[in-house]
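A.B. asks: Sequence:
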Amino acid sequence: MIIILIMKMRLIDFSKNHNAQVNIDYIAGIGIFLLSVFFVFQFINSIFIPFQSSSDQVTLAADRAGTVLVERMLHSEKASELNVIEQGKLYYFNNTRLNYSNLTNYNAALGEIGLSSSESAFNMNVTVAYLNGTIMNLSGPALPGTTDIGQIKHIVLIINSSTGYNETAILSVRVW
Numbered sequence: 001m002i003i004i005l006i007m008k009m010r011l012i013d014f015s016k017n018h019n020a021q022v023n024i025d026y027i028a029g030i031g032i033f034l035l036s037v038f039f040v041f042q043f044i045n046s047i048f049i050p051f052q053s054s055s056d057q058v059t060l061a062a063d064r065a066g067t068v069l070v071e072r073m074l075h076s077e078k079a080s081e082l083n084v085i086e087q088g089k090l091y092y093f094n095n096t097r098l099n100y101s102n103l104t105n106y107n108a109a110l111g112e113i114g115l116s117s118s119e120s121a122f123n124m125n126v127t128v129a130y131l132n133g134t135i136m137n138l139s140g141p142a143l144p145g146t147t148d149i150g151q152i153k154h155i156v157l158i159i160n161s162s163t164g165y166n167e168t169a170i171l172s173v174r175v176w
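Counting along the sequence shown from 1, when you hit position 154 you're at 154 in our numbering, and nothing is skipped either side.
Treat the hints loosely; a few may be bogus.
In silico SDA-like links for lysine to any residue, alpha-carbon gap of 25 Å or less [claimed, not checked]:
id : residue 1 : residue 2
1  : K78       : E167
2  : K78       : N94
3  : K153      : V37
4  : K153      : G31
5  : K78       : N107
6  : K89       : T104
7  : K89       : G114
8  : K153      : N105
9  : K153      : A142
10 : K89       : L157
11 : K153      : S116
12 : K89       : L103
13 : K89       : T168
14 : K78       : Y165
15 : K78       : I170
16 : K153      : A169
17 : K89       : E119
18 : K89       : F39
19 : K89       : R64
20 : K78       : A129
21 : K78       : A142
Rather than coming from a laboratory, the hints here were simulated on the basis of the structure.
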């Protein structure tokens, strides 16, 4: 009986002995801790990125300008659908109002769209291209190479009700 009791104690001692797993547990714990610290630093860094760049501001301005152009300024009165613009209005706006060589008309157009005020002022470039990418019309100043640019694209139907012309195109509005 004493031998059985001693054997049971040894079995119990062997089943409770986890000395071999201490190193594995330590490595797993340190690995999880390091991954957690890495995640926290990445998360904290991404919280402050929007405050370091004004890219959201110019993207929102481009979105607003594109919507105002397509739905209000260039919209065809004869069409009841959205994204249908009048060819004559488009050419007049691009060639006369948004002509960068005439700064008075250009600044007035920016003010009408909502991109120029006493608090802030943006520049705008409008490109109208065929669906294959060939540029149909380009207006506004040249794009800068070193600043944040917000861009919005609308697929529009350009119509001319007097001639029956209609063409699907991509209207790109870039703001900086």
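A.B. asks: In ascending order, which of the hints set out earlier in this document are inconsistent with the structure?
C.D. replies: 3, 4, 5, 17, 18 and 21
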